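Peer 1: For reference, the chains in residue letters:
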Amino acid sequence: MIAFAVRRFIQAIVVLLAVSLIAFVMFKYVGDPISQMVGPETPIDQREALREQLGLNDPVPLQFMHYLGDVVQGNFGRSFRTGLAVDRVLLERIPATLELAIVAVLYAVVAGIPMGVYSGLYPDRWLSKFFQTVSLIGISLPTFFVGVILIYIFGPTLNLLPTFGRGEVVHIGFWSTGLLTVSGLKSIILPAFTLGMFQLTLIMRLVRSEMLEVLRTDYIKFARARGLSNRAVNFGHALKNTLVPVITVIGLQLGQVIAFAIITEAVFQWPGMGLLFLQAIQFADVPVMSTYLLVVAVFFVAINLVVDLLYYVIDPRLRLDRAVAQGG
Amino acid sequence: MNFRKMLLLLAIGTTSATLATGVAAEEFRWAGQGDPSSMDPHAAAVGTNLSFLGNIYDGLMRRGRDMSLQPSLALSWAPVGSDGWRFNLRQGVTFHDGASFTADDVLFSFERATGEGSDVGTWFASIDHAEVVDDFTIDFITKQPNPLFPNEIANWMIMDRDWAEANGATSASKEEPNFSRFNTNGTGPFKLESRQADVRTVLVANDGWWDTAEHNVTRATYTPIGTDATRIAALLSGEVDFVNPIPLQDVARVNGAGGFSVIEGVETRVIMLGMEHQNDTLHDSNVTGVNPMKDVRVRQAVYHAIDIDSIIENVMRGQALPAGLLISPGANGFKDEFNTRLPYDPDRSRQLLADAGYPDGFSLLFRCPNDRYINDEAICQAITAMLAQVGIQANLQTITVSNYWPLLREDDFDMYLLGWSPGGSLDASHPMRFLMHTPDPEKRLGSWNFGKFSNATIDSLVPQIVSEVDAGRRQDMIDQVHGIMRDEVAYVPLHVQPLVWAKSDNVELTQRPDNFFNLYWVRVN
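Protein chains in written order, with the working numbering: chain A, 1 to 328; chain B, 1001 to 1525.
Hints in this document: simulated from the structure, not taken from any laboratory. Take these hints with a grain of salt, some might be off.
Below, simulated DMTMM-like cross-link-like pairs (lysine to aspartate or glutamate); rule was C-alpha separation at most 20 Å, straight line [claimed, not checked]:
1) Lys28/A with Asp1360/B
2) Lys1452/B with Asp1411/B
3) Lys1335/B with Glu1214/B
4) Lys28/A with Asp1412/B
5) Lys1191/B with Asp1228/B
6) Lys1443/B with Asp1470/B
7) Lys1335/B with Asp1162/B
8) Lys28/A with Glu1239/B
9) Lys1443/B with Glu48/A
10) Lys1452/B with Asp308/A
11) Lys1191/B with Asp1097/B
12) Lys1294/B with Asp1207/B
13) Lys1143/B with Asp1470/B
14) Lys1143/B with Asp1162/B
15) Lys240/A with Asp308/A
16) Lys28/A with Asp70/A
17) Lys28/A with Asp58/A
18) Lys1443/B with Asp45/A
19) Lys1294/B with Glu1313/B
20) Lys1294/B with Asp1104/B
21) Lys186/A with Glu1239/B
Which residues of chain A face chain B? A few of them, derived with a C-beta cut under 7 Å, are [what the hints assert, rightly or not]:
22) Gly39
23) Pro43
24) Ile44
25) Ile151
26) Asn159
27) Thr163
28) Phe164
29) Val267
30) Pro271
Pair by pair, the computed Cβ-Cβ distance ranges are [to be verified]:
31) Glu1026/B with Leu185/A: 23 to 29 Å
32) Trp175/A with Gly1064/B: 45 to 51 Å
33) Asn1370/B with Ile153/A: 50 to 56 Å
34) Asp1211/B with Val182/A: 47 to 53 Å
35) Gln73/A with Phe1179/B: 24 to 30 Å
Just so we're clear, the structure is a prediction, and the values are computed from it rather than from any experiment. Beta carbons are placed, not taken as given, at the ideal position from N, Cα and C, and that holds for glycine.
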């Protein structure tokens, strides 16, 4: 177990180095930050002086080494656009993104698993067919479109829910939460629904097909033959065995949701990391972009690690295999 | 209800808990496309910043609803001696922190604006030095006569010396972010209450403002909303009272929604085509070893090939004015007789190309931004189709603006799209200095003349226009430049870009043609 964690840690460092290098090389092509930092009347010599000052004239490998050196010392640089320290800005934005992602995934799990179980158990009922149709829509409609449609239904048309932003937030230490105020809760409904819709359909479809698969196996037939109640068979035996792939997918999807909340955040003007990243791209704000990608990579690595560890908890065979292998 | 109470208790219970926004009677909320990058009035000479900070800081002068120059912190101004301007300052004005405003603050703001890290130094290019005469009189001595100086500093804002020195904010440097990027202390009609960059900025009315308030806003909240559809939805659902801008295609919908109206106007920005005037070959062409654009007949052919009425009708949905000059009506030096365009005439265009030796036309590289001007990509597509009609095959390359400027600066184009607004001065000499004068980094002229258009007469006239005091002689020289520009087809002007704002019917506000938004003209009913 410890050896496994150490191996993972080393892998993680390699991943982070690769991500930052690729990001850095790519950012050479996002454009010129200078022309967006100054007004049109600023003379060329002043633009050049600024470029020199920011180190943009250094060769890329040198810039990368400088960046790595700074990051190792905990200095993530300052945003070209606002002059704010990048780590401070990101820290300010992380709560918004995490709250949105977690609410979205929770809703996807809480709604998706029962829907999947139901349509797995009763594939021929009309409600199952209805779920299937809805899920097809959920998978095929782009987030941007769903978001805009929801905004128009619940905003101008029904006037029920806020159309942008996080509402009022409460600060607890460094964390800011919108989950403790009425306007904050109302604000998270539409973006979380939009963001979680794809995950919901994915989980539902996965649980359904796994259920169908498992219900055909011998041990389920045997369990039924022993006269166990439907409840015990369906949930105790069948559902439990579908959970390994489902947990993998949920884990990986959480990473996806955090990293790719960008579009949802942009549509709802949700002040999270994704929106920050999008703005940074428009302004060629390299320090913000690099650090954002590092943070997202850290999230991915951490989530994958947790998922791997969860396997050990859920699937007794893995523990057994390892023990046998070590013993042999 | 119980749930709400519980939440409330929770919120109060957390020690460091702070709640944002309360609702006041005359609260005004508005949304724009982007957020000001800094609260420092000298940090970036870009419209977003200057427009926003004009609500917090005052200048010596300000622009009225008709864009005329009006007294603000200066009561009057007049030339002094042969080379200078004297400003008589308003007495009894206080900054938001209570300190009083004097000529020393003007001197300090001048030093700061021309110092390290400032982006507004070019406004003072003609100034040799400033002299405080007494507490409420200050002279700016120019290197040579500069009749336009008061116009050029219309967006210059005054800061308090003591406040800046006490808070380590004596420079606008970008390298070491200072206090003034997040905090303000102006003399203006509104005070900064709170700011979360890119999320929300809250202003409250300054009761101690020196002027009688025309507005009735007690509290104003600004939120940047990047997505067009969301910004409009925020207006239509009543979450904000005013949005700027809205896309042209949404004008009808907002007008039809009931309770909302669109404010349409003409901006000071002129959209034009630029061309490569100096290189001996084109970048991407079927003719090699020659640059057809150097021949004035080819440039005229491009001009005659463009059906501007069709572009305005179809691409701009009728919301633009055809342009024959690089300045818009209302700018100083504008004359209608020079604003006529070369007529749309494809036959004449084909004839000119044949005369120039290209009876079958030629191909060229046409660069265009896709997120800078209103419907910029669609404009370029229309132009590409029109040029194809006369035999010019434009290879259209559209790209995001942060990549666009570097390509133009690297001279990587044969033809390009550009928009130009004559800065704070609103004067005909502005595009002449930046777009028509031969590029000359030392004199800091022609810095946006990417195609390197060069004309000796214009080069000698521009410095004279800048320093000519006599209005009649000045206009003659401006007309002369405009004549040369059209004869030589230095640029192909297209149209004056529209301004499209939308507001709820319960608020009254004023649209300024330079796209500035002033809270002190807002009334909430």
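Peer 1: Run every hint past the structure and note whether it holds.
Peer 2: Do the hints match the structure? See the list:
Straight-line distance between C-alpha atoms of Lys28/A and Asp1360/B comes to about 40 Å, which puts the hinted pair past the 20 Å bound. For the proposed pair Lys1452/B and Asp1411/B, the alpha carbon gap of about 9 Å is at most 20 Å, so the pair holds. At roughly 34 Å between alpha-carbon atoms, Lys1335/B and Glu1214/B are farther apart than 20 Å, so this suggested pair is violated. In summary, the hint linking Lys28/A to Asp1412/B is supported, as the alpha carbons are separated by about 17 Å, within the 20 Å threshold.
Annotation: proposed proximity of Lys1191/B to Asp1228/B is violated, straight-line Cα distance about 29 Å (limit 20 Å). At most 20 Å may separate the alpha-carbon atoms for a hinted pair to count; Lys1443/B and Asp1470/B exceed this at roughly 24 Å. Annotation: proposed proximity of Lys1335/B to Asp1162/B is violated, straight-line Cα distance about 46 Å (limit 20 Å). Our distance criterion of 20 Å between C-alpha atoms is broken by Lys28/A and Glu1239/B, whose separation comes to about 39 Å.
At most 20 Å may separate the alpha-carbon atoms for a hinted pair to count; Lys1443/B and Glu48/A meet this at roughly 16 Å. For the given pair, Lys1452/B sits about 62 Å from Asp308/A by alpha-carbon distance, which is inconsistent with the 20 Å threshold. For the proposed pair Lys1191/B and Asp1097/B, the alpha carbon gap of about 10 Å is at most 20 Å, so the pair holds. A hinted pair counts as satisfied when its Cα atoms are at most 20 Å apart, and Lys1294/B with Asp1207/B does not qualify at roughly 60 Å.
Note on Lys1143/B and Asp1470/B: the hinted pairing holds, with a Cα-Cα distance of about 18 Å set against a maximum of 20 Å. Distance hint between Lys1143/B and Asp1162/B is unfulfilled; the C-alpha atoms sit about 29 Å from each other, more than 20 Å. Taken as a hint, the Lys240/A and Asp308/A pair is honoured in the structure, with Cα atoms around 17 Å apart against an allowance of 20 Å. Using a Cα cut-off of 20 Å, the hinted pair Lys28/A and Asp70/A holds, with the two alpha carbons roughly 19 Å apart.
Note on Lys28/A and Asp58/A: the hinted pairing holds, with a Cα-Cα distance of about 12 Å set against a maximum of 20 Å. Taken as a hint, the Lys1443/B and Asp45/A pair is honoured in the structure, with Cα atoms around 11 Å apart against an allowance of 20 Å. Taken as a hint, the Lys1294/B and Glu1313/B pair is broken in the structure, with Cα atoms around 31 Å apart against an allowance of 20 Å. Distance check on the hinted pair: Lys1294/B and Asp1104/B sit about 53 Å apart at the alpha-carbon level, beyond 20 Å; violated.
Between Lys186/A and Glu1239/B, the direct Cα distance comes to roughly 13 Å. Compliance with the 20 Å bound is thereby established for this hinted pair. Satisfaction of the interface hint for Gly39/A is found here, the shortest Cβ-Cβ separation to chain B being roughly 3 Å, below the 7 Å cut-off. Using the Cβ-Cβ criterion of 7 Å, the hint placing Pro43/A at the interface with chain B is satisfied: the shortest such distance is roughly 4 Å. Given hint, Ile44/A at the interface with chain B, holds; its Cβ is 5 Å from that chain's nearest Cβ, closer than 7 Å.
Interface restraint check: Ile151/A against chain B, minimum CB-CB distance 5 Å, threshold 7 Å, status holds. Below 7 Å, beta-carbon pairs count as interface contacts, and Asn159/A has one with chain B at about 6 Å; its hint therefore holds. Contact between Thr163/A and chain B, as hinted, is supported at the beta carbon level, the nearest pair being about 5 Å apart and thus within 7 Å. Taking 7 Å as the C-beta contact cut-off toward chain B, the hint placing Phe164/A at the interface holds, the least distance being around 5 Å.
At a threshold of 7 Å, the smallest CB-CB gap from Val267/A to chain B is about 5 Å, leaving the interface hint in force. Annotation: Pro271/A was flagged as interfacial toward chain B, and the flag holds, the nearest CB pair being 4 Å apart, inside 7 Å. In this structure the hint that Glu1026/B and Leu185/A lie 23 to 29 Å apart at CB holds, the actual value being about 28 Å. Distance hint check for Trp175/A and Gly1064/B: the Cβ-Cβ separation is about 47 Å, which falls inside the suggested range of 45 to 51 Å.
Under the hint 50 to 56 Å, the C-beta atoms of Asn1370/B and Ile153/A, about 30 Å apart, miss the expected range. Hint check: Asp1211/B to Val182/A, Cβ distance near 39 Å, so the stated range 47 to 53 Å is violated. At about 25 Å, the CB distance of Gln73/A to Phe1179/B agrees with the hint of 24 to 30 Å.
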